[in-house]
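Quick one: dock chain against chain with the hints and give me the complex.
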Amino acid sequence: MSEQSYVRTEMLSEQPAPLGQTGMLKWMRENLFSSIMNSIMTVVSFAVIILVLMQLIPWMMQPSWVSGSLRQCLDDPNIDGACWGVIRDRFNQLMYGFYPHAEQWRPNLAVVLMLVAVAPVLFDKLPRKMVWFSAIYPFLGAWLLWGGSAWTPILVVAGFAIGYIAFKMLHNMVGNMAMIGAVLAAVIWWLYGIGSVSAWLHSMLPIGIEAVPSSQFGGFMLSMTIGISGIALSLPIGIVLALGRQSDMFIIKTLSVGYIELIRGVPLITLLFVASVLLNFFMPPGTNFDLILRVIIMVTLFAAAYMAEVIRGGLAALPVGQYEAADALGLDYWKSMRLIIMPQALKISIPGIVGSFIGLFKDTTLVSVIGLLDPVGLIRTIQGSAEWNGLVWELFLFVSLLFWLFCFSMSRYSMYLERKLQTSH
Amino acid sequence: MSQVEQKEVDRSGMEVSDETAIEIINMNKWYGDFHVLKDINMVVNRGERIVVCGPSGSGKSTLIRCINRLEEHQKGDIIVDGTELSSDLKNIDKIRSEVGMVFQHFNLFPHLSILENCTLAPIWVRKTPKKEAEEIAMHFLEKVKIPEQALKYPGQLSGGQQQRVAIARSLCMKPRIMLFDEPTSALDPEMIAEVLDTMVQLAEEGMTMIVVTHEMGFARKVANRVVFMDQGQIVEQNSPEQFFDNPQSERTQLFLSQILGH
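Chains as they are written, first to last, in numbering that gives the first Met the number 0: chain A, 0 to 424; chain B, 0 to 261.
Here chain B stands alone, though its shape is the one from the complex (with noise of 0.2 Å):
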C-alpha cells in the first residue's frame, strides 16, 4: 500500500473551493429487508478528493452507486452538480453525463477498441463530431501514458492499461465528478502503481474525486477527508493526518490495526 509514497504529491492544483458538488441528506436505501444505508450525510465540495474506506459489506460501493443512480436510495435527497436524483430519467442521464465513474473490473467494451470506447459516449451522448471526439480520446489517451494501444481491443492489453483506459473512457467526457470504485482491487500489485499514478495525477488537477479503495498510501498522500464506514454507516471522516495518526472510534482503530497491522 506504498505505492505512491515515493513520489512527491503536487498539491498546488488541489484547492478545495466553496461550491458544494454533491450533498446527501439523510441517505437510507435497503436491499429487500436488509437496511445497507443508513441516515448517510455528506457534502463534498469542489476540487475535494474524499477516500472511502473500511470493510467489506459496509456499504462503501454502494454509497458511490447511488451518487450516480446505479443504485436507488429509498429514503432522504442526494443533490450532485445541482440537481436532484429523483426517478426523472432526464436527471438521471444529466447527471450520469457529469459523473464519471471507474469500476472494479474496468467494464470496457470488448467488442469496440480502445479508440471506440473512449469516443462513444462523446459521440452519442454530447453529440460531439467524431473528429473532435477522437482527438479528444487521443488527449486522454496521452495523459494516461498509452496512446499507441488506441486500434487496440481491451482484450489485448494488461489490467492496469484497461482500467488506464477506462479511466481515459470516463474523462473524455469531461466530467466534473470521478467516481473510484475499487479501482485498483482486481489488479496485480505490479499495475497498482501505474493506475494510481494516473488518479494522483488528475487529483493534483484539481478534479473532485471519491475514491472506494483500500490503498492507505494513496489516502494519506492524496485525500483531504477520508470517511470511515462500518455496517452501512459513516462512523469516522476526518483529514487522512488525523485518521491515521489519531482515530477516534474504535472500530476505525481495530479496522486500521487490521489493515496496516501486516
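Next comes chain A alone, as it looks inside the complex (with noise of 0.2 Å):
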C-alpha cells in the first residue's frame, strides 16, 4: 500500500503548447493530406477546379464590353467568348426596368435612405433615436418610388392615428375588442377615406412629384420593393402567428394553425395568380389596387407562414424554465414574451429566419410568370429583341451575381448577429 500513496505539495504552473502544433504546414497537413485517401481527393480536387478555371475565365475576360449587339461580338475576331456588351446595353433596364430615365434619382435615393434606415435596426451600437427614421421610411419610400401627392403617404401615416383614437375611444365601453374596431377603422380609412381626401387636400396645396405608375417598375429594382417589403412585413406577422400557435385561447390556436397550414399547403405560383386576377373580384368596384401592392401582400403572406414555423422551433427549444421565471417574477404574457422569451426564440432562430429570407428574395422572380418585368423576366424580353437574340450566358450570370450578393450579404451578417449574440462563455 505505501507505494500507491502519494502527496503532492506543488501545484503545477501552465506550460506553453510544444511547437509544431500551430501554423500553416500543420493546417496542411491536418486538413489536406491527414490520409492516402485524403492526398488523392485533394490532388484530384484541385485538378478539377483548376481546369474549370481555365475554360471560365478565358471565356469571361472578353474585350466585348463596348459590343452592341450580338452580331457584332461574333463578327469581331477578338471576341472569342462572353459577349458583355448587353451588360452594358441593357444595365439600365435590368436595374429599372421602364422607370422614367429622368426620374431615377428616386429610386437610388430610396436604397440610400433605406441603408440610413435599416442601419440601427442591424448594428445596435447606433444612437437608438435614428429607430425614428427607420419607422417612417417604409411611408417615404413608398413615396419616394411610387411618387405622386406628398399627401398620400402623410394620411396613410395619419390611418394609425385614426386607429389608435378608435381604440381610445372603444376601449372604456369593450375593454381589449377595442382592438379589432381600432383596426377596421384604419382598414377603412385607408380604403376609403385617402383617395378623395388626398384629391380635395392636393387641390388646395398641391405639393407632389411625378406620378410612376406600377406598370414602369422593373428589373432589380422591382426585386428590391418586393422582397424588402416581404422581408420586413413577414418577420413580425410570423412572430404574431407563432405566438397565435402558441397559444391557449382554442380560436386563435385553430386561426393560426388554418392559416399556416392553408398557406404552406399552395403553392407561391397559385397564389401569384390568385393576386394578379381573383383578388380584384374581392375588392369593392371602382377600387384600383395596386398590383405590386398586391403582389408584396401575397408573397409577406406566404412568407409570414413559413416565418411563424420557424419561429416557432425557436420557441420549442427553450426551456420551460424560462417562461416560468418570467411568470414568478410577475410578468405579464406580452412582457414577458418580449422581454424573456422572443429574444431568445429569434435568436435560435436565426439560421432559419435568414434562410426564410432569402428563399422569398430568390422567389420575387417568380412574379414574372404574371407579367411583371422583374431581372428574369426582362431576360426573356432581352434575348427576344432583335439585338440580343440568342444570347442566354451573359444574363444569367449577371442576374445571378446581383441575387448572390444581396443573399450572400444577408448569409453574412446572420452569422455575425449569432456570434454577437453568443452570451454563453
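There could be a bad hint or two in this list.
[To be verified] To spell it out: a stretch of chain A is covered by chain B in this simulated footprint if at least three of its residues, at any positions, have a beta carbon under 8 Å from a beta carbon of chain B; those stretches are: (1) 312-323; (2) 334-340.
[As the list claims (entries may be wrong)] To give an idea of the interface, some chain A residues facing chain B are shown, with a C-beta separation under 8 Å as derived from the structure: (3) 329; (4) 331; (5) 422.
If you are wondering where the hints come from, they were derived from the structure by calculation, not from laboratory data. Where is the CB? At the ideal position from N, CA and C, for every residue including glycine.
Structure representation (C-alpha cells):
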C-alpha cells in the first residue's frame, strides 16, 4: 500500500503548447493530406477546379464590353467568348425596368435612405433616435418610388392615428376588443377615405412629385421592392402567428394553425395568380388596387406562414423554466414574450429566419410568371430583342451575381449576429 | 447534509408574528385523472420558515408551485397575503410580484447580464427607474457576495453563483414571501454550502420562507416547522426537534431512516 500513497506538495503551473502544433504546414497536413485517400482527393479536387477556371476565365475575359449587338460580338475576330455588351446596353433596364430616366434618382435615393433606415435595426451601437427614421421610412420610401401627391403618405400614416383614437374611444366600452374596432377603422380609412381626402388636399395645396405607375417598375428595383417589403412585413406577422399557434385560446390557436397549414400547402405561384387575377373580384368595384401592392401582400402572407414555423421551432427549443421564471417574477404575457421569450427564440431561429428571407428574396423572380418584369422576366424580353437574340449565359450570370451578392450579405450578417448574441462563454 | 451545521445560526431576527402570510384550505389538485394533492391544509405565519420534505413524487414541488400559480389547483382556496388566488389575472400578477421563487435549475435569463437579470422585473413590473433598480440590484448582489460578476452573463458563472444570482433576482422585487423549489438539488456538493449560507442569512433577517429541500441539516438549524409529505398529502408536520428526534408516523420514520441512514 505504501507505494501507492502520494501527497502533492506543490501545484503545477501552466506550460506553453509544444512547437509544431500551430502554423500553415500543420494546418495543411491535418486538413489536406491527413491520409492517402485524403491526399488523392485533395489533388483531384484541385485539378478539377483548375480545369474549370482555365475554361471559364478566358471565356469571361473578352473585350466585348462595347459591343452593341450579338452580331457585332460574333463578327469581331478579337472576341471569342462572352458578349458583355448586353450588360452595358441593357444595364439601366435590368436595374430599373421602364422607370423614367429623369426620375431614376428617386429609387437610388430610396436605396440610400433604406440603408440609413435599416442601420439602427441591424447594428445596436448606433444612436437609438435613428429608429424614428426607420419608422417613417416605409412611407417615405414608397412615396419616392411611386411618387404622386405628398399628401398620400401623410394620410396613410394618419390611418394609424385614426386607429389609435378609435382604440382609445372604444377601450372604455369594450376593453381589449377595441383592438378589432381600431383595425377596422384604420382599414376603412385606407380603403375609402384616403383617395378623396388626398385629392381634395392636393387641389388645395399641390405638393408632390411625378407619379410613376407600377407598370413601369421593373428590374432589380422591382425585386428589391417586393423582397424587402416582404422581409420587413413577414417577420412581425410570423411572430404573431407563432405565438397564436402556441396560444391557450382555442379560436386564436385554430385560426393560426389553419392559416399556416393552408398557406404552406399552396404553391406561391398559385397565390401570385390569385393576386393578379382573383383579388380584384373581392375588392369593391372601382377600387384600383395596385398590382405590385397585391403581389407584396401575397408574398408577405406566404413568407409569414413559413416564418411562423421557423419561430415556433425556436420557441419549442426554449426550456419551460424560462416561461416559469418570467411568470414567477410577475411579468404579464406580453412583457414576458417581449423581454424574455422572443429575444431568445429569435436568436435560436436566426439561421432559419435568414434562410426564409433568402428564399423569399429569390422567390420574387416568380413574379415574371404574372407578367411583371423582374430581372428574370427582362432576360426573356432582352433575348427576344433583335440585337441580343440567342444570347444565354451572360444575362443569367449577371442576374445571378446580383441576387448572390444580396443573399450572401444577408447570410454574412446573420453569422455576425449569431456571434454577437453568443453569451454562453 | 451538514453544510450549515458548523456555523451557528443567529435566531434573533427570526421572530414569527401572528399575522398570516399564506393560508391553504382544503386544496386539491389533479393532473388529468391523477390526484396529486389531496386536501392540503396549511397556515404559514409571517416570518415563519417551513421546510417541506418527502420522497420524490410526493407533490411537494407541486404544492409550492400552486402558491404562485405556476400550477392551477382545482379545489379549495389559497390565500396569499390577503389576496385569494383565482383565475383573475390581476390577482395572479399581484401575488407573483409579492412572492419570490427560486428554482432547482436557476432559470436565469441567459440572454441578459447578471445585472439585467436582477433589474428586469423591478423596471417592468414595479416601474422602478433604471438607475434606482440598478442600485437595488447591486445591493442584493453584494448580499449574495457576487457584485463583481454583475456584468457577466449567466453562462459564465458556476452553478452555485447562478443560484445565488437567482436568489438576488427574486429579492430585487422586495418580496414578502420566498419559495425555494429544491434550490440545491442541481448543485455540486462544494456549491451547496454557499447557497445554503445565503438562505440562512435570509432566514436570519426574518423572511417568510417555504423551502422544498433534502438538506436536513438546513431544516434542523433554520426551520421552525418541518412538513413531511407523501402521496400528495401532508403526513406529519412538527418542530424540527420533534420531527427528527421523535417522528410520529411510520412513514416519516422510514423516510428519515432512509435519508439519514447513510
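Among the hints numbered above, which are violated by the structure, and what are their numbers in rising order? When the structure is compared with the hints, none of them turns out to be violated.
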